[in-house]
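Going down the list, the protein sequences come from chains A and B. Residues 445 to 558 (the numbering used here) make up the first sequence, in order. Residues 227 to 339 (the numbering used here) make up the second sequence, in order.
Hints are computed from structural coordinates only; laboratory data are not their basis. Do not rely on the hints blindly, as some may be mistaken.
What the hints assert, rightly or not - Taking lysine to any residue and the SDA-like style, the derived pairs with C-alpha atoms no more than 20 Å apart in a straight line are:
{"no.": "1", "chain 1": "A", "residue 1": "LYS524", "chain 2": "A", "residue 2": "PHE548"}
{"no.": "2", "chain 1": "B", "residue 1": "LYS227", "chain 2": "B", "residue 2": "ALA294"}
{"no.": "3", "chain 1": "B", "residue 1": "LYS227", "chain 2": "A", "residue 2": "PHE548"}
{"no.": "4", "chain 1": "A", "residue 1": "LYS523", "chain 2": "A", "residue 2": "VAL557"}
{"no.": "5", "chain 1": "B", "residue 1": "LYS227", "chain 2": "A", "residue 2": "GLU503"}
{"no.": "6", "chain 1": "B", "residue 1": "LYS227", "chain 2": "A", "residue 2": "VAL504"}
{"no.": "7", "chain 1": "B", "residue 1": "LYS283", "chain 2": "A", "residue 2": "GLU546"}
{"no.": "8", "chain 1": "B", "residue 1": "LYS227", "chain 2": "A", "residue 2": "LYS523"}
{"no.": "9", "chain 1": "B", "residue 1": "LYS227", "chain 2": "A", "residue 2": "ARG512"}
{"no.": "10", "chain 1": "B", "residue 1": "LYS227", "chain 2": "A", "residue 2": "LEU491"}
{"no.": "11", "chain 1": "B", "residue 1": "LYS283", "chain 2": "A", "residue 2": "PHE548"}
{"no.": "12", "chain 1": "A", "residue 1": "LYS523", "chain 2": "A", "residue 2": "VAL539"}
{"no.": "13", "chain 1": "B", "residue 1": "LYS227", "chain 2": "A", "residue 2": "LYS524"}
{"no.": "14", "chain 1": "B", "residue 1": "LYS227", "chain 2": "B", "residue 2": "THR252"}
{"no.": "15", "chain 1": "B", "residue 1": "LYS227", "chain 2": "A", "residue 2": "GLN489"}
Claimed, not checked - Non-contacting residues of chain B with respect to chain A, defined by C-beta distances greater than 10 Å in every case (computed):
{"no.": "16", "residue": "CYS245"}
{"no.": "17", "residue": "ASN258"}
{"no.": "18", "residue": "SER272"}
{"no.": "19", "residue": "ALA294"}
{"no.": "20", "residue": "THR304"}
{"no.": "21", "residue": "ALA312"}
{"no.": "22", "residue": "ILE315"}
{"no.": "23", "residue": "THR336"}
Backbone N, C-alpha and C define an ideal beta-carbon position, used for all residues, glycine too.
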Amino acid sequence: SQTIHQWPATLVQPVGSPLSLECTVEGTSNPNLYWYRQAAGRGLQLLFYSVGIGQISSEVPQNLSASRPQDRQFILSSKKLLLSDSGFYLCAWSVGRGVYNEQFFGPGTRLTVL
Amino acid sequence: KNQVEQSPQSLIILEGKNCTLQCNYTVSPFSNLRWYKQDTGRGPVSLTIMTFSENTKSNGRYTATLDADTKQSSLHITASQLSDSASYICVVSTFTNAGKSTFGDGTTLTVKP
């Protein structure tokens with residue numbers, strides 16, 4: 445069966461510090477991978493998605509970047525965090541290009557920037 | 227612009243009661259509509275998924291309906307339990323290679339004993 449891991453679960457970082465959140469998927473090959481951010485009480489905002497190794501699409505201009513160094517590894521980074529980067533970060537995966545492109549979410553990382 | 231609007235924003239019901247959550251969307255071209263349940267501090271978990279040709283889908287005490295003509299969906303919860311307390315998110319996808327989706331802001335349901 446497929447599983448998705450995210451770490452760390454929680455993170456408190458000072459403004460201006462770097463960031464690296466990691467997401468890995470097990471039990472599937474060539475997944476589509478996604479990074480979302482969820483502000484308190486709000487819906488999910490798609491930040492990045494990837495359809496393959498080294499292929500990254502950015503949905504919104506921001507202080508963050510993403511990389512996919514391996515098929516089932518997706519990394520979210522920042523060189524200098526801003527207060528506005530605080531939020532709940534979710535990684536998700538899906539497979540195929542068909543109609544049932546259901547996304548499966550990881551447990552999330554709670555990021556607090558002080 | 228593709229949008230998904232959910233109502234109500236929040237809802238409080240007593241344990242054992244039924245409730246219905248609404249989702250209206252303007253996403254086009256339509257691929258599928260999904261309802262997710264998100265417990266506080268956790269990732270969303272899929273409840274139902276429906277394509278254009280499906281107008282109802284059940285998952286235990288959860289029943290989703292879809293009217294593709296009016297671009298409306300509802301999620302009906304029967305005989306609510308305390309564990310149903312969560313945020314319920316409506317997600318609509320278009321036909322794209324990466325399955326890009328538009329998310330509603332969710333309805334926060336609180337079930338009280």
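Each hint tested on the structure:
Pair hint LYS524/A plus PHE548/A does not hold up; C-alpha atoms about 29 Å apart against a cutoff of 20 Å. With a C-alpha separation of about 18 Å, the suggested pair LYS227/B and ALA294/B falls inside the 20 Å cut-off, and the hint holds. Distance hint between LYS227/B and PHE548/A is unfulfilled; the C-alpha atoms sit about 25 Å from each other, more than 20 Å. Taking the CA atoms of LYS523/A and VAL557/A, the gap is about 13 Å. The hint holds against a cut of 20 Å.
This hinted pair checks out: LYS227/B and GLU503/A have alpha carbons roughly 14 Å apart, not beyond 20 Å. Restraint check for LYS227/B and VAL504/A: satisfied, since their Cα atoms lie roughly 15 Å apart, inside the 20 Å limit. The hinted pair formed by LYS283/B and GLU546/A meets the criterion: a straight-line CA distance of about 15 Å does not exceed 20 Å. At roughly 32 Å between alpha-carbon atoms, LYS227/B and LYS523/A are farther apart than 20 Å, so this suggested pair is violated.
For the suggested pair LYS227/B and ARG512/A, the alpha carbons sit about 29 Å apart, so the restraint of at most 20 Å is broken. As the CA atoms of LYS227/B and LEU491/A are separated by approximately 17 Å, the hinted pair is consistent with the 20 Å bound. Taken as a hint, the LYS283/B and PHE548/A pair is honoured in the structure, with Cα atoms around 19 Å apart against an allowance of 20 Å. Note on LYS523/A and VAL539/A: the hinted pairing is violated, with a Cα-Cα distance of about 30 Å set against a maximum of 20 Å.
Restraint check for LYS227/B and LYS524/A: not satisfied, since their Cα atoms lie roughly 32 Å apart, outside the 20 Å limit. Under the criterion of a C-alpha separation no larger than 20 Å, the hint pairing LYS227/B with THR252/B is consistent with the structure, at around 8 Å. With a C-alpha separation of about 15 Å, the suggested pairing of LYS227/B with GLN489/A holds against the 20 Å cut-off. Residue-level check passed: CYS245/B sits 19 Å from the nearest beta carbon of chain A, beyond 10 Å.
Not every beta carbon of chain A lies more than 10 Å from that of ASN258/B, the smallest distance being close to 6 Å; the non-interface claim is violated. For SER272/B, the non-interface assignment is contradicted: its Cβ lies about 6 Å from the closest Cβ of chain A, within the 10 Å cut-off. Listed as outside the interface, ALA294/B is consistent with that label: its C-beta sits roughly 13 Å from the nearest C-beta of chain A, beyond the 10 Å cut-off. The claim that THR304/B lies off the interface holds: its Cβ sits roughly 23 Å from the closest Cβ of chain A, which is beyond the 10 Å cut-off.
Separation of ALA312/B from chain A is adequate, the least Cβ-Cβ distance of about 13 Å exceeding the 10 Å criterion. Its beta-carbon lying about 7 Å from the closest one in chain A, ILE315/B breaks the requirement of being farther than 10 Å from that chain. Separation of THR336/B from chain A is adequate, the least Cβ-Cβ distance of about 13 Å exceeding the 10 Å criterion.
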